[in-house]
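Protein chains: 2
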Amino acid sequence: MDRTDHHILNELSQNSRITMKELGEKVHLTGQAASDRVAKLEENGVIEGYSVNVNNAKMGYPVHVFLHIIIHTAHKPYLSFIETQQPYIMNNYRISGDGCYLLECKFPSHEYVDTFLKSLQEHANYKLSIVINK
Amino acid sequence: MDRTDHHILNELSQNSRITMKELGEKVHLTGQAASDRVAKLEENGVIEGYSVNVNNAKMGYPVHVFLHIIIHTAHKPYLSFIETQQPYIMNNYRISGDGCYLLECKFPSHEYVDTFLKSLQEHANYKLSIVINK
DNA sequence: CGACTTTACTTGAAAAATGTAAGGAAGGGG
DNA sequence: CCCCTTCCTTACATTTTTCAAGTAAAGTCG
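Chain order of the listed sequences is A and B.
Counting from 1, one number per residue, gives the positions in the first sequence under UniProt numbering.
Counting from 1, one number per residue, gives the positions in the second sequence under UniProt numbering.
Rather than coming from a laboratory, the hints here were simulated on the basis of the structure.
Be a bit skeptical, because a hint or two may be false.
One copy or two, either will do: identical chains are not told apart, so a pair holds if it fits within one copy or between any two.
Stated by the list, open to error - Straight-line distance between alpha carbons at most 30 Å, and here's what the computed DSSO-like set of lysine-lysine pairs gives:
1) K106 to K26
2) K134 to K26
3) K106 to K134
4) K21 to K127
5) K40 to K134
6) K106 to K127
7) K118 to K134
8) K76 to K106
From just these sequences and the hints, can you work out the full model?
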């Protein structure tokens with residue numbers, strides 16, 4: 001994990017579909033050498049995968065929210081519930097504090113948020129934060 | 001944005017470095033057709049970019065936290081401060097509520113969190129949530 | 001010191017993927 | 001019916017990747 005590896009990770013974080021040849025040029029290596037280093041970063045588990053950044057608004061999910069969840073009773077009903085809400089759930093983080101989660105979601109409109117919260121209410125207490133900007 | 005486009009985005013979200021030929025096979029198209037569709041998704045702004053998933057723990061940042069920020073006075077000191085904290089900041093979301101942000105950070109250890117919070121204290125009030133699991 | 005191994009890189013050729021161009025089939029509208 | 005557009009395919013030239021040697025520097029150990 002030297003400077004060049006950091007440079008490589010930085011380039012890949014900006015565009016992971018870059019060719020190894022181009023990546024090599026950016027970090028002053030041949031395509032081979034760059035490719036070898038990337039392979040090693042993958043083997044070591046430093047690189048876990050490659051993904052795409054999708055514009056959620058254009059996909060029909062313009063509303064982005066975080067929900068601070070507090071559950072005093074069993075967690076299972078909550079966890080089962082969010083599994084049924086697949087398209088809306090982005091991340092469910094277990095956080096410090098008893099029975100606490102931070103739930104990141106996307107919705108087509110505020111009406112959908114409302115509907116979701118009505119169902120969520122049956123399994124957990126929550127505090128809603130709507131994302132205005134990044 | 002038909003079923004095939006959704007299928008393409010799903011495949012790319014799992015592995016954006018897949019070849020167009022392979023992607024085509026997965027969605028029952030030729031490599032060209034897949035490539036054309038991806039190009040169109042990029043033009044339309046549905047695809048905003050391609051990135052890499054890095055294991056933060058292996059990069060020396062095993063501690064992952066969210067900070068709920070509330071600022072009653074000017075925001076600028078806070079915003080300037082977090083710009084100086086580059087390596088630790090993952091995301092700074094502007095959220096609903098006056099003077100509120102949700103700040104996502106990574107740290108090498110709890111000591112670093114402590115040091116960071118001591119400085120943050122000078123610009124804003126916060127509530128700390130440490131991520132245990134995803 | 002000197003022989004051996006390892007690591008990181010380069011080069012060149014073969015194999016694979018991509019980009020380009022031309023063309024065909026399906027659907028819509030005048 | 002004809003024309004146009006969209007979406008896809010095929011074929012081929014170009015580019016990239018992969019594979020196989022090979023070099024050079026650095027570390028190991030008798």
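Unmet hints by their number, sorted upward, for this structure | Failing hint: just 4.
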